[in-house]
Structures are given as structure tokens and as C-alpha cells.
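Chemist: Chains as they are written, first to last, in this note's numbering: chain A, 171 to 439; chain B, 171 to 439; chain C, 171 to 439; chain D, 171 to 439.
The set of hints was computed from the structure by calculation and includes no laboratory data. Please note: incorrect hints may appear among the correct ones.
Straight-line C-alpha distance at most 30 angstroms; calculated BS3-like pairs for lysine-lysine [as the list claims (entries may be wrong)]:
{"no.": "1", "chain 1": "A", "residue 1": "Lys367", "chain 2": "D", "residue 2": "Lys368"}
{"no.": "2", "chain 1": "D", "residue 1": "Lys180", "chain 2": "D", "residue 2": "Lys229"}
{"no.": "3", "chain 1": "D", "residue 1": "Lys229", "chain 2": "A", "residue 2": "Lys408"}
{"no.": "4", "chain 1": "C", "residue 1": "Lys408", "chain 2": "D", "residue 2": "Lys214"}
{"no.": "5", "chain 1": "B", "residue 1": "Lys214", "chain 2": "B", "residue 2": "Lys408"}
{"no.": "6", "chain 1": "D", "residue 1": "Lys368", "chain 2": "C", "residue 2": "Lys367"}
{"no.": "7", "chain 1": "C", "residue 1": "Lys408", "chain 2": "B", "residue 2": "Lys367"}
{"no.": "8", "chain 1": "A", "residue 1": "Lys408", "chain 2": "C", "residue 2": "Lys367"}
{"no.": "9", "chain 1": "D", "residue 1": "Lys272", "chain 2": "C", "residue 2": "Lys408"}
{"no.": "10", "chain 1": "B", "residue 1": "Lys367", "chain 2": "C", "residue 2": "Lys367"}
Some chain C residues well away from chain D (every beta-carbon gap over 12 angstroms; in silico) [unchecked claim]:
{"no.": "11", "residue": "Glu231"}
{"no.": "12", "residue": "Arg277"}
{"no.": "13", "residue": "Asp401"}
Every residue, glycine too, gets a C-beta built ideally from N, C-alpha and C.
What follows is each chain in one-letter form.
There are 4 protein chains.
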Amino acid sequence: MAYFNLNGKKAYYEVHGESDRTLVILNGIMMSTSSWLPFIPMLKRTAQVVLVDFFDQGKSEYMTENYTQAIQVELVEALLDALDLQQVTLLGISYGGEVAMKCRSSRVSQLILANTTAHTDQTLTAIGDSWVYAAETFDGSVFFKATIPPIYSKGFYNDRIEWLNDREKQFKKAFKPEWYQGFIRLVRSAESHDERKKLSEIQMPVLIISAEEDVITPPQCQNDLNASISDSKLVIIKHCGHAAMYEKPTEFFSLVVGFMLCGQDQFTL
Amino acid sequence: MAYFNLNGKKAYYEVHGESDRTLVILNGIMMSTSSWLPFIPMLKRTAQVVLVDFFDQGKSEYMTENYTQAIQVELVEALLDALDLQQVTLLGISYGGEVAMKCRSSRVSQLILANTTAHTDQTLTAIGDSWVYAAETFDGSVFFKATIPPIYSKGFYNDRIEWLNDREKQFKKAFKPEWYQGFIRLVRSAESHDERKKLSEIQMPVLIISAEEDVITPPQCQNDLNASISDSKLVIIKHCGHAAMYEKPTEFFSLVVGFMLCGQDQFTL
Amino acid sequence: MAYFNLNGKKAYYEVHGESDRTLVILNGIMMSTSSWLPFIPMLKRTAQVVLVDFFDQGKSEYMTENYTQAIQVELVEALLDALDLQQVTLLGISYGGEVAMKCRSSRVSQLILANTTAHTDQTLTAIGDSWVYAAETFDGSVFFKATIPPIYSKGFYNDRIEWLNDREKQFKKAFKPEWYQGFIRLVRSAESHDERKKLSEIQMPVLIISAEEDVITPPQCQNDLNASISDSKLVIIKHCGHAAMYEKPTEFFSLVVGFMLCGQDQFTL
Amino acid sequence: MAYFNLNGKKAYYEVHGESDRTLVILNGIMMSTSSWLPFIPMLKRTAQVVLVDFFDQGKSEYMTENYTQAIQVELVEALLDALDLQQVTLLGISYGGEVAMKCRSSRVSQLILANTTAHTDQTLTAIGDSWVYAAETFDGSVFFKATIPPIYSKGFYNDRIEWLNDREKQFKKAFKPEWYQGFIRLVRSAESHDERKKLSEIQMPVLIISAEEDVITPPQCQNDLNASISDSKLVIIKHCGHAAMYEKPTEFFSLVVGFMLCGQDQFTL
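Isolated chain A, as found in the complex:
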């Protein structure tokens, strides 16, 4: 609903609701602000929700050169400043989690890292390469088959095959060459992601959400995050793939909303 300017580039964001709690959500690589709309009515009951499209995503400006995730981190920190947000819960899934773990803004007081990883390893690089090959065809079916099946669990994919076939048709219509080129740059921007040695800098409470059947960033990745972050909590959603907020929204958002409300409490047993 609004744009702000960063270094001459337009970035799109949305603010939903009013509350003394603020939840800022960072998208996965194939998502956009609109991906979260089904959940806004529920989330608004607990917090003000801020959505944002990364550069090369949704309604934010498309780039022309390659870059690293540093520009997305800058975007998020600039947005927090622009809106003068305080005591923010910052939630990032997948690519958004990689950006979230790099934010060092003192405006953030809680972090939720969902289905994400501390670094882009060789497997993830190769997955990225295969997605780039598929994107370079500019063919929605090829792209869909290369990218979508691995982001859902087998159970979901089998149960929801008609919905997924519909999505495949939408893909064919929806995406323009510009979108695919943006997607390719986003993939490339994550290739150098390696935050492993800096995770010890994170001092705030962190909730890590893992999905049992995630094959893009498998539970081992979140286990490694959990071992490296000093004040982290790790929970696994059962029978769930990488796109956890679609597959298991109640489980996913119960964790998010609950952690916003209880994550700062200290208990003396």
C-alpha cells in the first residue's frame, strides 16, 4: 500500500492493523507480500503486521545487476527506521530467514527463523542452479515442476494435487520474463550467504521453526542454527515441507503468535 525509497530504488511495503506489538515478515524467494494476505485477519488480532517485498520481488523495484543479500538487509533496516518501529518481532522464512539473521537493528527484539539455514552449501547452490536453468526457459510448466514439488511434503502434494495443478496453470500465465530474471538474481544473491561465524552475535530470543519433511533446508540446517545461537528455541512441525505456512498454517502461526506473547518471559522453576 506504500513505497519508500532506498538509494533511489522503490521498495513496496504494507502495514496492517494497529497494536503495541509489531510483526515484520520477510518473504521466501518465490513469495511476495500478497502471499501472507490469507493470514492477516488472524495476525492483526495480536499484532501490527508489516509486509515488505525484497528488491526483485512483488511490487518492489526490479534490479538490473547482480547483488548480495546485503541490499535486502539494508532494505529491512531502512524500513524499520522509516516506520520508527520498536520492539519488533522479525519473522523470516527461507530466503527471508537468511536476511533476518543478518539484521542487527536494535529495533528488533525477537527473531523467528523458519525453514532457513546459516549458509548456502553445495547442495543448495546446486538446487539454485537447477532453478536458474528452469527459470531461463521462461516456461511456467518447466519452472513449476523444477521448483514446486520439492517445497511441499509428499502428503500435502498427494492430497492437494488439484490445487497444485491449478497453481501450475497460474504460473504459466502469471510470470513475465522480468519476474524470472528477478528470480534468477535473487537466487544468485543467496549464493554467498554464510552467516555461520556471526550467529553468536545474536543475543535476543530466537524461535527456530523446522519442518520435518523439508528437503530444501532440512531439519539438520535448523539444528545447526539452534546449536550456534545462544538463546534459541527449536520446534518441528510434523508431516510438513518447506512451505510450512501454506501446509500447516495453524501450527506455523500458533508458534509465531505464541512466541510474540511468551518469548520474553523468564521462568524460575
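Given the coordinates of chain A, work out where chains B, C and D should sit on it, guided by the hints.
Modeler: Structure of chains B, C and D alone, referenced to chain A:
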């Protein structure tokens, strides 16, 4: 803070806070209302909290004869009626979860079943027998060593050994013969627990919480519950044993509070 | 080293060693008889080893029309007859396991099913589609990136990246259009695979090998097989992906060789 | 069938079969040489099998003072010398695995560590304490209920309840006070077990067997062993508890026999 009468027996309960949401909590077998006190300040921010001691537990009346869990179910349903509670979230852990899944009161609109099981199988019967043997010694150290190590994860037990050694000393002082006899009857009352064929009757939303390293009611038990209940959600707390609310309070109560707030939402994707 | 004729089509097979035990090995979809050569010296110490290329694989005849796995089952059964083999241990991995579980030859007395599944579900169909798209480019790099990263575990892929980069170069040289067309037909032949209702017919001892990090046919697939076969044993190789015989050869072949030697024993405890 | 003398103490051992391969088996704490007899006919086909009772076990001499596992290590090394064994595969389960991983005899060329751990942590110490309390009753039923249910998986315990009830009756008859006192000393001898810093000294090939539902030495223990030993292989037996050789003999001994035959091979891929 109050008692009510059921069939001539006194039952103790506590009501904390005021809210249009109500959370009723049912204890595990070795717990009592006081076990939840560290979490009340946090929970009160979201819901009115009702605690209750089962018969043979805490400040409720001690029995003299054996019985089944049916009397505890009756106690819970009578309490819901006595307080005229509506739209209740009923949370039960372990023994409390076994009772919770048997409640059919229309006053309950959400169920949270934590580290519990649909039936007392041969292994659980044998664990119960070994606990009874230990209780019959009326010796706090013997009882502690037989019952406490298996309810925590290895990680917690190793990290918190001093706290646990203190607890062992408290056990020696705290428990009177009457307590041990009540404990033995509670164990016996769970022996006939078998709700497997009735789980399909549960129509409300159910959150199932599992603890990865629970060896009393291992994750397979919650997996089985999840497969038998029509509208259930299953989440696993990582690196956590049976006494999950003590080992991982933030994870445990984030799920509880989040599910109270989001568990009824339907999402159209 | 030899060919035999089935319905006018040539099929290639190899026989290694002499022994009163016989191990017949069925390839995965991207493999051929030559894939097993590094293991022959070791296997020959325990058994005569028979390797065979499926139609559209290695040195067997390439087809021109589509078909189902039934022709591969016929090929295997015909080979067992042609060589007059008795008391055979039949080992199949992935596609080879799908064929193996359909063999009903009385010449087979033990089955070893490795990293395979009872049916081609929607996820596996979609993976197949994405592989077909990649194959249709006839571009070794595109094909490699689409098919190879998911068949290894993250640990192996990261540790062996140089070896894998070499393999990618070999792919570019090795595969001719004919090979890719054969590969596509092999994928298509597996689409109708659904043996779920017939697994109860298998009466012989069956060893099921699962790889913890297999994302093509994840452990749940082998769990399902194990639940449906009356006399089956299930073992999981830790930190291992789909191509288990390459990633963890000692673990894989210890199981194979050990089961050949002990799988028929009955123990009275 | 034979005794040998170590520092004036008699130790009992058995040698079964003749072969150029030798398998030496070390018992778990509640076992004895006779525990392995059902498997000897099968094992003899592949290897000469040497069984031995630790001090305070079976037919070996009972001690009068406390000691550490060092005397059992000395016993094993002395036996290897006395029999002049070469190129031995040394298999130890649980307590026997703890002893096996401490042997540094050059007569051993392969190690198989089953359901064992690198050190006695606080949980294991507490389990030991609870077993000691039960043993001190000299009551077979109390001892059985304290020690036996946790060593089997739920599935096995439920399926084999009649066999287990029979075993309980045998326990009541079989064990004399002397046995219980020996058992208590064996428990105490393991309390100081901590080999974590010395595992890097082990240079030979090591197979680590893990049982999915082992609650005494859970899979995490074998995972830790695997991470600390340079040339180790880790395999998990599914649906199996601590007493793996009884619950899943085919899986257990397939691994043992297979590793004896293939564990030294190097493969060039």
C-alpha cells in the same frame, strides 16, 4: 484457592485472572496445581487460567479405594459446570491428557494434548509397576531415582544435575505415606486407559504436543493420536523429555497460547 | 559380457564369479551394469553376482515406444530362467527395487529392496516430470543439476564437490540423445507403478534398506513397505542419500552380504 | 567350556567353530555367554566365535570389592593373548561396547559397537542407581520391572508380553543374592566410564549399530560416537530397543556378519 464438592469428595481448584478466554489445565500424575504457578503471570495475560488437583493429588481429597480415570473425568466436567465455563481450551499433559481426551463436555472448544497417549500399553503398565514398587518403599531417594530420570531428556538431566539433586532432597522431605498411596492409586487408575476407539468422536480442533526425547510416552504415541483424531495438529519440541513444561517452557507455552489465539481460524489458500 | 534375447530384443547381462549363492542386482534408473563394477571383487567372495541392464539402459536394447515396468519384470524373470538360477537373492535399488518387488519367480528366495517405494505418488511423478524436462534439453549440465544434487545427502555433496564437478563434465560428454530418450521412457514406465495392494503376496524374507537423507524415496516410503510386507526387516543408513551404494558402500554391502548369509535363519529365544 | 586365570581370578570363556575369521563378543551387563547360544550355529558358518563372561558375570569369578571397567578390559586383552588370536572382530553391546572401545590390543582389526555410549552421563548414572535400588531388594519381580521394560521397544514389549511374563518368573528363580551383588558392582564399575577424549585413538574400521527406540543409550549416543571416531559407519535398526540382538536378530547379525566380510574393503568410485 477454592474447593467444590463432587459426590461428597472435596476437589481443589484455582482460578487465576480474568479474560474472555479460559484455559483449564490438567496435571500430570506427579504434579499438582502448584506445579503451574511459575507460568501463571505469563498465561494470565492471554487467558483466565483454571487449575485443578485430581482426586489423590495435591489438595484434593485422597481416596481410599481404587478407581478408574472416569472419576477424574467426572471431576473435570463437574468443575466446568460449577464455574459455568464456556469455549474452554482444555490442556492436559500425560495423565492429564488421558483425562482430557475423555472429556465430552460441550463447554470445551479446543483440546491441547501434551506428551500423552491413547492407551496404557504393556510398556506403560510395566513402567507403572516399577513406579509402584518404588512408591511402596516410601523412600524419597528410591522413588526419585525410579521416576525422575526418565521424565527428563539427557541434555536437561546433565545440565541441571544440581537442581535435580536438590529436588531429590525435597522429595525425601515432602512426601508422606498418604501421598505415596495416592500416587499408587493414580497409577492404577490409568491402567485401564484405552481411548483408541473413541478418538474419532473428537470433532474440535486439537493441538498435540510431542517431546522428541520423551521415553514415557514417546513421539510414536502422539503420532498415533494424530492419525486417529480428525482435526489435529502435531508439533514436536526438540531436545525435550516428558516434563516438557519444565524443560522447554517457552516452546511449550508459545504453542499453548498461540493455539488458543489461532486454533479456530480457517484459511483459504 | 553376454546378451540374451527376449521377444526379439537384446538384453545385456554379466555373470561374475562362482558360488552356491547367487546375487542378482537390478539397477536404479540412471545406472547400468558398469555402476556396480567397483563392488564386484568384494561381492564375489560371497556370491556369484549377476548384473543386468534394463531395456533402455546401458548395453541392453533401446526401445522406440513407451512401455510399463512389466517388460523389465519379464526381462528379469526370463534371465533367471535362462541361467537356470536357484535360491537367488534379488537386490534392487530405486527403479530396480520397484521391478524386484514385482517379480514372482520361484527362483527368488530373498529380496533386498533398497531406497525404493511401493508406488509412484504425485511427488515422484512431479520429480519425474522435472527430470524429463531436463533430459529433453539434451544438455548434460542442465540434466546433471536437475537430477544429481537430490540423489546425494548434503554431507556427501559438500564433501565430494570436486568429484561431483568431474562427474558433471563426464555427463556432458557421455550421454547421447538416444540415452536421454531411453531415460525419458524409463521415467514414463515407472509412472504407473503401484504395487501397494500386492505386497502381501510376498512371502519370502525381505530386507529393506533405507537412507536417512533420501529425498527421492524418503524413509517413510520404506516404512510403508515394511508395514505391508509380512516378513520384512528394516534398517536405516545414517547420513546417507538416495544413491546409498556410492555414499555408504560399506554399510550398504555389509547389509546385503550379511542378509544373504543370515536372512534365512530362525532363532528360538 | 574353559577357564583361564587372570591375577588369580578365574574367567570363563567359550570357543565355537573353526574359521580364519574370529569374532569375539562382549556381553551387556545383564547377559552372559549363554545369552548368545541361539546365534552360534548361524555365526559359526562365517567365523570362529569366542564368548567370555566378564568378572561378576555368568561363570566367571565373582568379585568382592568394587573396581572399574579397566579390569574387564584387561580380561579381554589377556584372553586375546592367551588364545593368540589375530585379526579379531571385537563386538560389544552396551556395557560390552564400553569395554570394547577401551581395548587397544593390536590383535583387534575391526570393532563393532552396538547400543553403547562414550560415557556414563548423569541420566545413565541415575538409571544405574535405580537398578541398584531394585537389585538391593533381591526380589526378582521388583528387579525385572525396574530393568526389563526399558530395554525393549514398545512394539516388542506389547507383542511378546507372554514371553516376557515367563522371563519374569525365571528371574525370580534364577538369581541368587550373589548375582545381584555382582550386578551392583558391574553397575558401579561403569560409573566412571568416559572415553570421549580417547576415541580419536581408534584407527581401525568401526561399525556402530544403533537401535531407533533404545532409551538406555539412545541413538544420540551412537551419533556422538560416530562423530568422534575417524573410520566409523553408523546404521540404525528400526523399531528396535536396547536389547537389539533379541528384538531384531536378523538385522543385528546381518550387520555383524556383513561387516566382518566387507568392512576392510576400499572402493574406488
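Chemist: All the hints need checking, so say for each whether the structure fits it.
Modeler: Evaluation of the provided hints:
no.	hint	in the structure
1	A:Lys367 x D:Lys368	holds (28 angstroms)
2	D:Lys180 x D:Lys229	holds (9 angstroms)
3	D:Lys229 x A:Lys408	violated (49 angstroms)
4	C:Lys408 x D:Lys214	holds (29 angstroms)
5	B:Lys214 x B:Lys408	holds (26 angstroms)
6	D:Lys368 x C:Lys367	violated (52 angstroms)
7	C:Lys408 x B:Lys367	violated (36 angstroms)
8	A:Lys408 x C:Lys367	holds (27 angstroms)
9	D:Lys272 x C:Lys408	holds (24 angstroms)
10	B:Lys367 x C:Lys367	holds (25 angstroms)
11	Glu231	holds (28 angstroms)
12	Arg277	holds (22 angstroms)
13	Asp401	violated (10 angstroms)
This entry does not satisfy hints 3, 6, 7 and 13, going by the numbered hints stated previously.
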